[in-house]
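Chains as they are written, first to last, in this note's numbering: chain A, 2 to 294; chain B, 2 to 294.
Honestly, I wouldn't trust all of these hints.
If chains are identical, the list can't say which one is meant, so a pair holds when it fits in one copy or spans any two.
As the list claims (entries may be wrong) - 35 Å max Cα-Cα, derived DSBU-like pairs, lysine-lysine:
| # | residue 1 | residue 2 |
| --- | --- | --- |
| 1 | K245 | K31 |
| 2 | K99 | K46 |
| 3 | K245 | K66 |
| 4 | K207 | K66 |
| 5 | K31 | K46 |
Simulated from the structure, these hints should not be mistaken for laboratory data.
Number of protein chains: 2
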Amino acid sequence: MTFREQLMDYASRTEAALDAALPLRDCPQKEVVEALRYSLLGGGKRLRAALLLAFYQVCGGEGEKALPFASALEMVHAYSLIHDDLPCMDDDDLRRGKPSCHIAFGEATALLAGDALLTHAFDHMLHADMEPQRLLAAAGCLSRAIGVYGMIGGQVMDLSNESSPDITEQRLKDTDALKTGALICAACEMGCILAGASEEKRTAAKEYAAKIGLAFQITDDILDQCSTTEELGKPVGSDEESKKATYASLYGIEEARRISAELLTQAKESLRAARMDSPFLLDMADYILERKH
Amino acid sequence: MTFREQLMDYASRTEAALDAALPLRDCPQKEVVEALRYSLLGGGKRLRAALLLAFYQVCGGEGEKALPFASALEMVHAYSLIHDDLPCMDDDDLRRGKPSCHIAFGEATALLAGDALLTHAFDHMLHADMEPQRLLAAAGCLSRAIGVYGMIGGQVMDLSNESSPDITEQRLKDTDALKTGALICAACEMGCILAGASEEKRTAAKEYAAKIGLAFQITDDILDQCSTTEELGKPVGSDEESKKATYASLYGIEEARRISAELLTQAKESLRAARMDSPFLLDMADYILERKH
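Just chain A, same shape as in the assembly (with noise of 0.2 Å):
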């Protein structure tokens, strides 16, 4: 299978398994579970999926159990987007080209929608089909990951760097390495966690999310700077209009490529000396600095 032929495969397999983890059905919550499917299906990458599924297999794991933490996951990270584009937070209307979940649905639905989803994801690990101590390890690395000093905090820290454009290299590193980092950095450790992997393979994995999880960010300020509203299917140049500092504003466009072309071969680097560099994560690496939306 080539690079895109896998990451098709695990974003199918995920998305399948999304759709039947919550079926839209007549109740009187409908309306919510619309909302939430809304932003959950039919859409995204699944890469935080793809990631743990790889370093599933990479550490020796085999069939389906790892599905059910590659869908919370992908819960996690819609309640996050869906919170995020709430008008207390970015107030953004558009999200994966079309309108946020909040402008299709209104606001309050939108926020039950993103606290079902938080909730769904780990009543979705808590009942998988899973060894009891790997699931505990594997649903408490997601849940220190995602909380007031994991992601939720990288939110915070977001939210008071807008009011001042003069933040520093080192604050915009620290706060995307919790916004966007934690989750990539989780999907990478869970992955090794559910295949019962040695401590050293699960700190190479980390290493290559921290790596990866930066020239992630890195690279979305640059397509923010350089794409089109069309290509991106959110509002490009949104960074720069609210004066908010980037990669690509510290460094320049040309600079920022640089670094992160830099941190993908260090990243290659941590998978090579822990032995987990199957050709997938590999790719990954290539795939993250290439893409175009």
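Since the structure of chain A is already known, use the hints to place chain B on it.
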């Protein structure tokens, strides 16, 4: 120990555990930690925590091992109140006699504080010192109870009830069974699960919970109509003002009181039948009927 002393003891142990679980320290996330501590600590009767701890005890559980789960319940309760008070939901400015979280800290911080509390509830349980099977069953019981077909589902129904003042008694009961009942039910059942109680006892605990949960909601409606703002710590008459259907408006005050008393008699019966009729749990039923706020 009298009932009040036992209730105070459960509450103060839970309060100390909550305080220790989310300490305030100097960090970039300080504001959201302050906000969540503002809503989490120093208020509330900790009825849900007390129910969990009391069922744990009556089923033979020993020591402090159930405390992280009692704390998790209170974190979930606090998160639900913060999000419920937001402008896009009930838009309440006052909670427990003080400005609600978004009034004190702003909407964005309140939203994230709620998200953080929900996340931390799971984090806290997942890292608790407890036999893995019991931990998974208890946390899984909670996640199911507060999801889209549980507590969140009740909030969805409650929102749609507001625009239809002539809803049926059954619809009102179904709404409350989820919106407030599901968490109370989880509290009682989790106490049993953590102590390794039989299926029979778990079923009886759920029956007890359903009865006191409904009685709790009925007395809430009565209090809303009969108390002063000072006694209640939140605006009174708000239900009437919003033309919201309540048990008080459906039945009238006297009949509502009678139904409530009847439910509590049935609740006690369930306990006796399963030999879980500890003085504390029996008195809890009376306490719910007689409370003033």
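From the Cα coordinates, with 35 Å as the cut-off, is the pair K245 and K66 best called within, between, both, or neither? neither (41 Å within a copy, 46 Å between copies)
Within a copy, between copies, both or neither: where do K245 and K31 come within 35 Å Cα-Cα? For K245 and K31, the Cα distance is within 35 Å only across copies (21 Å; inside one copy 38 Å).
Measure nothing new, just compare the shortest in-copy and cross-copy C-alpha distances for K99 and K46 to 35 Å and report within, between, both or neither. Answer is within: at 16 Å inside a copy they meet the 35 Å cutoff, but 45 Å across does not.
How would you classify K207 and K66 at a CA-CA limit of 35 Å: within, between, both, or neither? Classified as both: same-chain Cα gap 21 Å, cross-chain 32 Å, threshold 35 Å.
When Cα atoms must be at most 35 Å apart, do K31 and K46 count as within-copy, between-copy, both, or neither? both (26 Å within a copy, 34 Å between copies)
Comparing the model with each numbered hint stated earlier shows that hint 3 is the single one that does not hold.
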